[in-house]
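S.K.: Using the sequences plus the hints, can you model the full thing?
2 protein chains.
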Amino acid sequence: MSPSPKGSIRIPSETLNAFSKALFVAKGVSPEHAQTMANALTWADLRGVDTHGISRVPMYFRLLDSKEMNAAPNLHVIQETLALTVLEADRCAGPIAMQQASDIAMQKAKLTGIGLVMVRNTTHTASLGIYSEKVAKAGMACIALAASRPNMAYYGAKAAGVSTAPFSMAVPGPKGQAIILDMASGIVSLGKLAQLKAKNEELQTGWALDAQGQETIDPQKALTPLPLGGPKGSGLSLMFELMASLPVLNPLIGHFFSDKEDAQRHCQNAWIIAIDIAQVCSEASFQAEMDNTIKALKALPVDERVGTEILMPGERGYKERVSREKSGVPIPAKMQSTLHELALKYKVPSPF
Amino acid sequence: MSPSPKGSIRIPSETLNAFSKALFVAKGVSPEHAQTMANALTWADLRGVDTHGISRVPMYFRLLDSKEMNAAPNLHVIQETLALTVLEADRCAGPIAMQQASDIAMQKAKLTGIGLVMVRNTTHTASLGIYSEKVAKAGMACIALAASRPNMAYYGAKAAGVSTAPFSMAVPGPKGQAIILDMASGIVSLGKLAQLKAKNEELQTGWALDAQGQETIDPQKALTPLPLGGPKGSGLSLMFELMASLPVLNPLIGHFFSDKEDAQRHCQNAWIIAIDIAQVCSEASFQAEMDNTIKALKALPVDERVGTEILMPGERGYKERVSREKSGVPIPAKMQSTLHELALKYKVPSPF
Chain Z
10 MSPSPKGSIR
20 IPSETLNAFS
30 KALFVAKGVS
40 PEHAQTMANA
50 LTWADLRGVD
60 THGISRVPMY
70 FRLLDSKEMN
80 AAPNLHVIQE
90 TLALTVLEAD
100 RCAGPIAMQQ
110 ASDIAMQKAK
120 LTGIGLVMVR
130 NTTHTASLGI
140 YSEKVAKAGM
150 ACIALAASRP
160 NMAYYGAKAA
170 GVSTAPFSMA
180 VPGPKGQAII
190 LDMASGIVSL
200 GKLAQLKAKN
210 EELQTGWALD
220 AQGQETIDPQ
230 KALTPLPLGG
240 PKGSGLSLMF
250 ELMASLPVLN
260 PLIGHFFSDK
270 EDAQRHCQNA
280 WIIAIDIAQV
290 CSEASFQAEM
300 DNTIKALKAL
310 PVDERVGTEI
320 LMPGERGYKE
330 RVSREKSGVP
340 IPAKMQSTLH
350 ELALKYKVPS
360 PF
Chain V
10 MSPSPKGSIR
20 IPSETLNAFS
30 KALFVAKGVS
40 PEHAQTMANA
50 LTWADLRGVD
60 THGISRVPMY
70 FRLLDSKEMN
80 AAPNLHVIQE
90 TLALTVLEAD
100 RCAGPIAMQQ
110 ASDIAMQKAK
120 LTGIGLVMVR
130 NTTHTASLGI
140 YSEKVAKAGM
150 ACIALAASRP
160 NMAYYGAKAA
170 GVSTAPFSMA
180 VPGPKGQAII
190 LDMASGIVSL
200 GKLAQLKAKN
210 EELQTGWALD
220 AQGQETIDPQ
230 KALTPLPLGG
240 PKGSGLSLMF
250 ELMASLPVLN
260 PLIGHFFSDK
270 EDAQRHCQNA
280 WIIAIDIAQV
290 CSEASFQAEM
300 DNTIKALKAL
310 PVDERVGTEI
320 LMPGERGYKE
330 RVSREKSGVP
340 IPAKMQSTLH
350 ELALKYKVPS
360 PF
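Residue numbers (my numbering), protein chains in the order written: chain Z, 10 to 361; chain V, 10 to 361.
A couple of the hints might just be wrong.
[As the list claims (entries may be wrong)] With a cut-off of at most 27 Å between alpha-carbon atoms, the simulated DSS-like pairs for lysine-lysine come out as follows:
#, chain 1, residue 1, chain 2, residue 2
1, V, K304, V, K146
2, V, K354, V, K36
3, Z, K146, Z, K184
4, Z, K304, V, K328
5, Z, K119, V, K119
6, V, K119, V, K146
7, V, K230, Z, K307
8, V, K76, V, K36
9, Z, K269, V, K304
10, Z, K307, V, K269
11, V, K76, V, K269
12, Z, K269, V, K119
13, V, K307, Z, K230
14, V, K307, V, K328
15, Z, K76, Z, K269
[As the list claims (entries may be wrong)] Some residues of chain Z that are not near chain V, with every Cβ distance over 12 Å (derived):
#, residue
16, P21
17, A35
18, P181
19, P322
20, Q345
Think of the hints as simulated: they come from the structure by calculation, not from any bench.
Model, not experiment: these values are computed from the prediction.
Virtual Cβ for every residue (Gly too), placed ideally from N, Cα, C.
M.R.: Shown next as structure tokens:
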């Protein structure tokens, strides 16, 4: 179990889930959509991805206030081929579009072997692992990616040009669990930079630029994260934009740097690809090879500078989930009062 | 134009192409397959990817000698659904399988919107950018990946567990050129480690482990490259194995660590996905958004520590190609004599 931050209390995930659902309903979201949004936050809270859990509620409220997020969206398919669907998300909360998209991608994959859903005009997709895990637990392989507005330096530039865009791959793993890679294209997340700033701890070299575009390790000056592996990370992020945003004619980089009034608006596009590997091999054969592979890797000599055991992608999050399902989700003192204030304002019973 | 290595001479790419084709034919490969193999090497030679150009001929000869590479392969489709094909490559030279796979993936995509070819049991795939560029130049988006036997540390382990597996994404770019990301999952390539060893130049910290699994910057001791961004790079590489090798029941990691006689054999598996974006938007609209995006990025303030201009993925290789098409491909002195000896042995006219 990860240590709890100072002043934090542990709350059962069910309580947090019901509380965030109630908040979204109070804000005008339908109960069904509010449940989907709450579930996405709870997924992250349980797995220890605290930056994508209930701590996001205030951001979602800001986006609903500014109408960048639509509380009553009209999701609809705008294009469809045998294996490909374009889903217009109508600025809905990301998890609503992504859950629907993953269902469609799997239906397509059942029919043709592989299905792609291009999600157009959504908002914060939350952790991509939510959806890639779901696809993998249904016995399929999944590739998911999202494009967002610039917040990360483009390789060779002294300013933000691309985003810390996420990428996820997942396959069915042992014991009904999925193997889930869920990574960003930045060398460090904005959340981590904010954390270091709050603690006034120095950054590692090569992590971020200041407002003038100079590399800095000063947590008070660090502004723009640098890409993972230079041209690799910014290249990945740019390719996600070129693939997810351009074909659906909803460009995020081009729009951000335009002189349009809403140039700074929050908006995302995403892809979910499902591959029905059951059409290629039996589940039992796949899992036998999976077991062999994991066994071989776990038998490698452990680098004690890193940890005490060798972990598969997503395994740390799974262990945390098991622990937090028993002991609750730690909520830091400051977040408790932020959420409590929201509860008072929207007349929702507060767990704090 | 990149500087030529000491003692190198520049040879027209057409000469190198004809020479390597003749060598492969002399080794028992059919003229058609030999041409495909030579073209793959020339693609890399022209783009400045010298580690994947004609310098690979000796390695291909070793693989043909050991029968790990099959000079007369019987490629055939072993499974097929509407949008997914499994191609048994019968240990052919990688480019033969990958070219065929990219054609099939595009045919599938024309039909259904997206096509996936799983290439089973191939050998060194060469630069994935060859195939992703081809798909992009045909107006489609492409995702390609390959799995290989362990040569890179798995995150948290003191020894090789995964490979420096490559990943490529490409889309149609301006003026008929493609935007091509072609990256490995290692923080440094084996080729770069060999280069530093030859020059006796120190590595950067965090690049490699020695034979004992300790991190080293000593070029004579560096053995195992470390993954790009720790768990991200080794996670990507492992996911490629789990997706490309397991469903086709040709595991590379599991086999490598088994007690089978051919555990160390060279073998690869790969995926090529083609997405027919013309079914989603017109080429003109896509390119208009592309132009806007590139223009915005190229207008960012340049980081003069990195270069004098901001480049798109694959642009450096394209510029090198333009230059080398005029001035030839630099071949270092040592490679000249290696290739000359092969020419003598196989009674093929030598350009050296």
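S.K.: Indicate, hint by hint, whether the structure satisfies it.
M.R.: Hint-by-hint comparison with the structure:
1. For the hint linking K304 (chain V) to K146 (chain V), the alpha-carbon distance of about 21 Å falls within 27 Å, and the restraint holds.
2. Between the alpha carbons of K354 (chain V) and K36 (chain V) the distance comes to roughly 10 Å, so the proposed pair stays at or under 27 Å and holds.
3. Simply put, K146 (chain Z) and K184 (chain Z) have alpha-carbon atoms about 10 Å apart, close enough for the 27 Å limit, and the pair holds.
4. For the suggested pair K304 (chain Z) and K328 (chain V), the alpha carbons sit about 45 Å apart, so the restraint of at most 27 Å is broken.
5. Between K119 (chain Z) and K119 (chain V), the direct Cα distance comes to roughly 19 Å. Compliance with the 27 Å bound is thereby established for this hinted pair.
6. Pair hint K119 (chain V) plus K146 (chain V) holds up; C-alpha atoms about 15 Å apart against a cutoff of 27 Å.
7. The hinted pair formed by K230 (chain V) and K307 (chain Z) meets the criterion: a straight-line CA distance of about 25 Å does not exceed 27 Å.
8. Taking the CA atoms of K76 (chain V) and K36 (chain V), the gap is near 12 Å; set against the 27 Å cutoff, the hint holds.
9. Note on K269 (chain Z) and K304 (chain V): the hinted pairing holds, with a Cα-Cα distance of about 16 Å set against a maximum of 27 Å.
10. Among the hinted pairs, K307 (chain Z) with K269 (chain V) is consistent with the structure: their alpha-carbon atoms are about 19 Å apart, no more than 27 Å.
11. Of the supplied pair hints, the one linking K76 (chain V) and K269 (chain V) holds, its CA atoms being roughly 17 Å apart against a limit of 27 Å.
12. Straight-line distance between C-alpha atoms of K269 (chain Z) and K119 (chain V) comes to about 36 Å, which puts the hinted pair past the 27 Å bound.
13. Taken as a hint, the K307 (chain V) and K230 (chain Z) pair is honoured in the structure, with Cα atoms around 25 Å apart against an allowance of 27 Å.
14. With a CA separation close to 16 Å, the supplied pair K307 (chain V) and K328 (chain V) stays within the 27 Å bound.
15. Proposed proximity of K76 (chain Z) and K269 (chain Z) is supported: the alpha carbons are some 17 Å apart, at most 27 Å.
16. The beta carbon of P21 (chain Z) is kept farther than 12 Å from every beta carbon of chain V, the shortest such distance being approximately 29 Å.
17. Against the 12 Å criterion, A35 (chain Z) stays outside the reach of chain V, whose nearest CB is about 38 Å from its own CB.
18. With a closest Cβ-Cβ approach of about 9 Å to chain V, P181 (chain Z) is found to fall inside the 12 Å limit, against its non-interface label.
19. The claim that P322 (chain Z) lies off the interface is violated: its Cβ sits roughly 4 Å from the closest Cβ of chain V, which falls inside the 12 Å cut-off.
20. In this structure Q345 (chain Z) is separated from chain V by more than 12 Å, as the shortest Cβ-Cβ distance comes to about 31 Å.
Taken one by one, the earlier hints fail for this structure at numbers 4, 12, 18, 19, listed in ascending order.
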